[in-house]
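Participant: Please take these sequences and the hints and turn them into a complete structure.
Number of protein chains: 2
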Amino acid sequence: MGQQLLTVCVQIKGASMETVSENACFGGVQGVYRHRATSTGCDMTFGLFLPAEARLHPVPLLWYLSGLTCTHENAMTKAGIQAHAAAHGLAVVFPDTSPRGEDVADDAAFDLGQGAGFYVNATRAPWASHFRMWDYIAQDLPRILTANFPVEEDRQAITGHSMGGHGALTLAMRLPERFASVSAFAPIAYPSASDWGRKQFTAYLGEDQVQWAAHDASLLMQETGFRGEVLIDQGNKDQFLDLLRPEALAHAMAARRQPGAFRMQPGYDHSYFFVASFMAEHVGFHAKALAGA
Amino acid sequence: MGQQLLTVCVQIKGASMETVSENACFGGVQGVYRHRATSTGCDMTFGLFLPAEARLHPVPLLWYLSGLTCTHENAMTKAGIQAHAAAHGLAVVFPDTSPRGEDVADDAAFDLGQGAGFYVNATRAPWASHFRMWDYIAQDLPRILTANFPVEEDRQAITGHSMGGHGALTLAMRLPERFASVSAFAPIAYPSASDWGRKQFTAYLGEDQVQWAAHDASLLMQETGFRGEVLIDQGNKDQFLDLLRPEALAHAMAARRQPGAFRMQPGYDHSYFFVASFMAEHVGFHAKALAGA
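Residue numbers (my numbering), protein chains in the order written: chain A, 22 to 314; chain B, 22 to 314.
Simulated from the structure, these hints should not be mistaken for laboratory data.
Everything hinted at is true.
Keeping only pairs whose Cα atoms sit at most 27 Å apart, straight-line, the calculated DSS-like set for lysine-lysine is:
#, chain 1, residue 1, chain 2, residue 2
1, B, K258, B, K99
2, B, K99, A, K258
3, B, K258, B, K220
4, A, K258, A, K220
5, A, K258, A, K99
6, B, K309, B, K99
7, A, K309, A, K99
8, A, K99, B, K258
9, A, K99, B, K99
Restraint ranges, calculated between C-beta atoms of paired labels, are given here:
#, chain 1, residue 1, chain 2, residue 2, range
10, A, E174, B, T40, 47 to 53 Å
11, A, E39, B, D128, 30 to 36 Å
12, A, G227, B, K258, 48 to 54 Å
13, B, E198, A, A108, 36 to 42 Å
Quick caveat: nothing in here was measured; it's all calculated off a predicted structure.
Heads up, the beta-carbon is just placed ideally off N, CA and C, and yes, glycines get one too.
Facilitator: Have a look at this one:
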């Protein structure tokens with residue numbers, strides 16, 4: 022049986038936010054909340070796991086960005102992340118992957134439009150009015166979280182899967198003061214040179230590839246790198262290797278002498294069975310970095 | 022992205038079985054297989070996690086029976102069980118909860134018919150022709166598993182959630198030589214006295230309550246108990262407490278001096294967030310019993 026959804030409208034610190042559900046989970050609470058976002062101009066839903074420690078004091082915050090077709094829910098139910106977050110006393114936020122709604126533009130393809138925001142601010146019609154996922158993750162949602170929940174603004178880390186790995190890496194490298202550590206599971210690593218990237222960047226940002234570079238993990242790694250350690254896991258039986266282009270990121274990490282690890286995991290594919298298998302190590306990696314932050 | 026489904030028909034030891042998917046998972050393999058079942062007279066799908074050790078030698082087998090509305094897939098993706106099964110070197114099988122198909126009887130209610138087999142052999146029309154889940158779990162599927170996979174026939178344990186907790190407890194108590202240990206998450210504990218039980222037993226077995234007693238965990242506990250230890254976890258914020266009737270089982274366990282534990286977990290509800298929170302302890306409990314079996 023799924024959980025009963027108790028929808029309660031609450032007014033917290035002036036922001037209208039709806040509690041969609043709250044379930045006890047590993048001694049803490051797995052919540053789902055809905056709020057109006059100024060960046061995307063629509064209602065946005067996110068999941069937030071708070072460990073038991075959050076009842077006593079603010080806790081560090083780990084971001085988990087999801088991949089194509091996902092909502093806030095996939096990782097929250099399938100990644101097995103709460104066990105490890107509870108063990109380390111970390112909060113985890115699970116944002117949605119795009120604006121949503123009847124008045125929000127969409128495309129018949131699974132990899133463009135709703136469910137495929139690619140963590141950019143679109144500048145082209147019909148996307149520009151709502152598809153501002155960069156601002157949502159970088160500005161809107163952090164404000165909502167720090168204003169309403171016991172999470173530490175100055176201790177944050179970020180991870181993600183596939184398109185969410187791309188988002189985690191690009192956000193971490195471009196907001197170097199924000200995140201103590203970054204990791205990714207099978208990230209879209211070189212979107213400027215892949216059909217998972219060129220198609221979406223053209224639609225959202227236009228033809229000018231200079232605009233794309235700010236959203237390409239391999240190019241950013243080449244240009245700036247990351248101030249802390251970087252952990253990448255990639256399955257060598259991933260059915261999307263040709264689209265992810267992990268070799269470009271591995272090369273850029275090595276060329277820059279980027280501290281961290283790029284690991285090719287034998288036998289693993291692109292599924293959440295892969296993500297869950299290495300989640301303990303990713304959460305432990307972030308917990309260690311956050312403890313020193 | 023979901024995993025790619027590679028459907029391959031294989032002939033193994035004379036039984037026609039289809040591999041629906043196989044994903045690397047915690048060093049082992051999470052597989053999904055489909056086969057024709059003689060008991061239920063239809064195709065049945067099940068999940069099977071095999072840990073790394075299964076490449077070298079047969080491993081003990083833990084059964085996980087699911088609840089109302091579930092298929093083989095829910096626990097496989099949401100319970101976080103593979104991490105712990107891998108740590109202890111156990112296989113885990115995830116059977117479906119009923120026969121399925123267009124020619125299989127069904128009911129508009131979520132708690133009768135397909136997705137609600139209640140782990141009994143139906144004797145009444147229109148259910149009797151396919152709804153033989155007791156035989157499927159007790160005879161058919163064990164044969165399929167031991168014939169085709171490296172699992173140890175003489176080292177098995179069983180657990181389940183909700184309706185699956187009911188199934189686990191009744192199978193364990195009535196097949197005392199089969200299972201070294203039994204546990205349950207929020208089981209339907211006293212179906213003879215609950216709307217989760219009376220309705221289904223009447224439909225599947227008829228009005229004669231003598232037939233029901235063989236499928237009632239509290240009555241079986243009162244009559245026979247279990248030869249090993251029993252572990253029950255129940256959330257005290259479970260939205261279905263009135264239907265589950267855990268107090269009857271707790272009373273019967275205490276009255277019989279049944280070795281084991283009945284634990285009321287404060288704050289937890291009926292969801293998989295509850296199940297996942299205590300999965301490590303349940304798998305550890307079974308691993309210990311299986312090591313001594």
